[in-house]
Amino acid sequence: MSKVMPLISANCGKIRPDSVEEYINVGGFEGLKKALKMEPTQIIDEIKNAKLLGRGGAAYPVGSKWQQLYNIEESPKYIVCNADEGEPGTFKDKLLLEKDPLRIIEGMIIAGYVFNSQDGYIYIRGEYEAIQKGFQSAIDNAVENGYLGNNILGTDYCYNLHIMTGAGAYVCGENSALLNSIEGKAGRPRVKPPHLAEVGLFGMPTLVNNVESFANISTIISIGAEKYLSYGTPESGGTKLVCLSGQVVNPGVYEVPFGVTLRDIIYDSELGGGIKDGKNLKFFHLGGQSGPCGSLSQLDTTYCYKALRANGLNVGSGAVVVMDESVCVIDYLKYVTEFFIHESCGKCTPCREGNKQLYAILDKFTKGEATSGDYILLKRISDVMAKASFCGLGQAAATAFNTCLKNFRSEFDAHLRGKCPAGVCFTKQERGE
Amino acid sequence: MNDAVNINKNITVTIDGIQTIVPEGTTILEAAKKLGIKIPTLCHHSDLKPGATCRVCSVEVKGQRRLKTSCNTPVADGDEITTNSKAVREARKTIIELILADHPQDCLKCVRNGNCELQKLAYEYQIREVPFERTVKDLPIEDSNPSIVRDMNKCIKCGRCVEVCQEVQQVAAINTSFRSGEFKISTAFNESLADSPCVYCGQCITVCPVGAITEKDDTDRVWEALDNPDIHVVVQTAPAVRVAIGEEFDMQAGSIGTGKMVAALKRLGFDKVFDTNFTADLTILEEGNELLQRITEGGVLPMMTSCSPGWINYIEKFYPELLPHVSSCKSPQQMFGAVAKTYYAEKAGISPDKIFVVSIMPCTAKKYECTRPEMRSSGYQDVDVVLTTRELARMIKQAGLDMGALHDEEYDDPLGTSTGAAVIFGATGGVMEAALRTVYEVVTGQKLENVDLKMVRGLKGIKEAEVDLAGTKVKIAIASSLKNAKEILEKIKAGECDYHFIEIMACPGGCLSGGGQPFGTTNAIREKRLEGLYNIDSSLKLRKSHENPAVNKLYEEFLEKPLGHKSHELLHTHYVGRKY
Amino acid sequence: MNDGLKKEQILGIIEKKNGEKEQILSILMEIQKESGKNYVDKEWARIVADELGIPLTKVYDVLTFYAMFSTEPRGKYVIEVCNSAPCHVVNGSAVVQMFEEELGIKMGETTADGLFTLQYVPCFGACDIGPAVKIGEKVYGNLTKEKVTELLNSYREVSTCQK
Ligand SMILES: Cc1cc2nc3c(=O)[nH]c(=O)nc-3n(C[C@H](O)[C@H](O)[C@H](O)COP(=O)(O)O)c2cc1C
Ligand code: SF4
Ligand code: SF4
Ligand code: SF4
Ligand code: SF4
Ligand code: FES
Ligand code: FES
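Residue numbers (this note's numbering), protein chains in the order written: chain R, 1 to 433; chain V, 1001 to 1580; chain H, 2001 to 2163.
Extracted from the complex, chain R is given alone in its bound form (with noise of 0.2 Å):
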């Protein structure tokens, strides 16, 4: 069996990204022809039944959010897509963004249905201008065509799509934060409870949906649940778009039915090929900088959300980044902090203070002047940030150290001895070069 299976991503590349035509002729609006014949409690229990798992990071089962919505009187309800993509090292939602609009459009259309919804947005991260720019002609393109807008295929359902541009915040691919951006706040999360299937956009209830989830909907409804679940794990149904990046041989998006090992992943020549100019791997980084790292031990575990769960790992966004031997775990952790110390709003005190806290201990092991009394601190810093933080970004953002921690404790033993392994801190001189 093949390891990559292009199921989601089997147009991009093939079609002109915003044709209706050419998005027909591949099958497309397949799945919201049949979706609109059916009623929206089936709609939502294929869902459910295909198993498909939030896609952008937390893996929140689509169909029981979608039911917790449904379950809500309240309306009007929006429908909203989160296109910030922020996580380092991944970049999949851009590659549907970019080749594959129609088939967000599509799977929004069909939420829209199913919630009767007037309005949905989607929230572009403004670093992907370009790829916005792409995305109104498509939208343009289904309003011409009867897709979005009034009537939608001769029913009585309207539905708009409106784009809302991101400015620079990570923190934005939270939900709440998301929200409180497409109202055009600062995105700073929202104190919860409300829930945002409550009180969500402008107050109402609201559904926030990534990217790749939406694109699997129409998928899910044409070739219906038990085919989708087929792909994947018993658990993990269909497919993921992984993120390669790193010091890897072949860089890029793949899809991948879950089920493949993250040794296929890295290595596979249909997929990253190994590693780069013949070095080893040391460690890799799944899921986005939030995520876990992994050492080589864990090579074989199954890529699918439960086996990489056991094994302290995680799907995440899907990002794969590769390292190889020269590089420095400590240092590779110190530029994920610095990461989070740019991208934490500042408003809670874990997170805020936390992340500096992190990154001056960290620095004081690349140059030697770490005691082995920090340890202690550094749990104490990561342990309030994972408990106490108010938002998942000051909660994960101590992960990867965490799981470093664990996999690589020689390694920070050696800093505090003056040694780097990797050969990267310290200046020559202090290396002995």
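Heads up, a few of these hints could be off.
Here are the simulated lysine to aspartate or glutamate pairs, DMTMM-like style, with alpha carbons at most 20 Å apart [unchecked claim]:
| no. | chain 1 | residue 1 | chain 2 | residue 2 |
| --- | --- | --- | --- | --- |
| 1 | V | LYS1038 | V | ASP1016 |
| 2 | V | LYS1068 | R | ASP383 |
| 3 | R | LYS133 | R | ASP18 |
| 4 | R | LYS192 | V | GLU1060 |
Keep in mind the hints are simulated off the structure, nothing from the lab.
Since the structure of chain R is provided, determine the placement of chains V and H with the ligands on it from the hints.
Below, chains V and H with the ligands without anything else, positioned relative to chain R:
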């Protein structure tokens, strides 16, 4: 909404092993409090929407991977909550240390020393040494205006001041800005408060848990005047100060400290201790007559009160087109200054340039008000220095006076005599009630038997009523807090307003919760201070401003009549639209 | 009015977005782009605040919160160099050096001719072609010394043509 909180539904929770039943929607913090468990808080303020940003109030909820912040998390049925486990204590301690690492730790030199929520917490958690890298920045301290000092180095980013300025007052002079380590509370583009929409109401000060926002301290200027034998220093005390000053000396909120305060002021060396209540009565005569004049002569209506300088700043900045609605009367404080340096100077035979007028006010906007160029009708700055209640308390402490042990003393003559109508100026609705007591008798020629006009009392943000003055129906409204003021102003603008007279106070609840009052003002404390004021009123024999013999004498001897020529010169003013 | 944008231009940008509060990010982005100096001036922000009916402090919060905005003038072209970990491990710092040398400025600085500003940004999704930089809407990856020189020259040329 189908998940709406049903307050009739009760929920059973266990906190630290003790089971209790609370109504649905109760926060963990409230539920614990009922059991006598005090969970520490820092960003939480009982009157404000929880921001849940400091994370100090974190507790363990069984089955939850992460800690939960008790200030905003409602209890769920069957919750098992631990507020004092090792994990909780450690997390809290780390959080406090993280805050302190980014804090000047300047307690000895800080105005909040001994009265700071962060300091208290650090003490409770016995923080001896902060193991983290010091990250505190050297941000400039803003003190370029007469009212408010902001030292953002001390800010712990609780967000309370922003909530107050943006939501309660809707002035929006300050807001959050930037992010991460740069996250701060600032004006737009870091402009000075003077260039911002700020109205100097000081409500941000009253909610700040630390020493990041304070009044501009003018106590040194007062000490200097007191120390100068060539200067005759007189002091006036605003109505709301007397029911709050006690809080600074461990008395119960709302306890009446008038006599002790007067005694303390005399001990501090003030040559005369007078009362702003005197000019509050005077204000009623001027303003009441102005209202009648406007009604009978077709002047601009509704007329709005003018005694709250925060409110005046607000309308000048935000609704200059409505300024003709504002009474031309100066605030009682400024009337006092003008009268002190003319009438009193003459009577006492002291040259006004040798008289130094100090005001003790619940208010920070008054510090600015006294510096306005219009406020020099005596030929000198009418009021020289304004001290807040808090500053007076500091002076009393510096002087080593034991407030509790002082015996009550009386205000001096002639500017110390007042009626019950004056003292209620300190509460929202008070000016209205005082005005009605007088206007009623002036218009109807009859005696008002029941002076307790309960329909205008209470802390409600907007109150409306209709009063029958011998057949003439007078429609009135009362608003406190600028958000409520704004609501009324918008109605006037839209022409949807048929009020005759509107009382507006900038601070929620009126002066009793002004920006200069003792720290820790909450709605509960507001209620107490309010009660104190009405108790003073009802205990007095004279309760109508026009019955104030000293005021009547002032007219006889000096001013002639309300709205007369001299009044206009000394007691009235004009306003200008101000750009920000 | 400050150099760059006239009031009418700003009003035009706001009008294009129907004066909707929610559109503030895209309005400010457009203003920044049109400014020629990649920033939003206080006076322009004030116009936006007045027109959208929101306090200036809220506009300022937005301007300072989102990393793509600047309240200080920058170069005509802002060269945004990715400094996230995935680019870093494929030799991102070398790219920084190349730009710094080629332009004679340090990170965060603007060239004397006002043409280029060098700035670090977090990942913008070009990790598969890292190390990557972004200039306006355009993304450039797999950078080498030659490519950097070529790239900068092409922007310099466009700029002289426009003069
Ligand atoms: C700091 C932070 C950043 C996030 N960024 C993104 C993002 O860029 N894109 C995304 O889809 N989800 C992101 N998420 C996850 C979302 O909050 C949310 O779980 C997701 O959009 C829900 O969609 P899904 O269930 O379809 O995955 C982020 C979460 C956090 C806490
Ligand atoms: S964890 Fe706290 S500071 Fe960090 S992004 Fe979330 S709310 Fe902001
Ligand atoms: S704000 Fe509080 S903790 Fe900070 S210096 Fe002042 S008294 Fe001390
Ligand atoms: S004094 Fe009043 S208006 Fe000024 S910043 Fe504070 S709360 Fe806002
Ligand atoms: S200034 Fe005071 S009230 Fe405002 S955020 Fe800082 S600590 Fe809180
Ligand atoms: S008091 Fe609850 S989070 Fe600050
Ligand atoms: S890490 Fe540099 S573009 Fe993604």
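Results for each hint:
1. Of the pairs offered as hints, the one joining LYS1038 of chain V and ASP1016 of chain V holds, with about 12 Å between alpha carbons and a cut-off of 20 Å not exceeded.
2. Proposed proximity of LYS1068 of chain V and ASP383 of chain R is supported: the alpha carbons are some 14 Å apart, at most 20 Å.
3. Among the hinted pairs, LYS133 of chain R with ASP18 of chain R is consistent with the structure: their alpha-carbon atoms are about 10 Å apart, no more than 20 Å.
4. The suggested pairing of LYS192 of chain R with GLU1060 of chain V holds, with an alpha-carbon distance near 17 Å, which does not exceed 20 Å.
Checked against the numbered hints listed earlier, the structure breaks none of them; every hint is satisfied.
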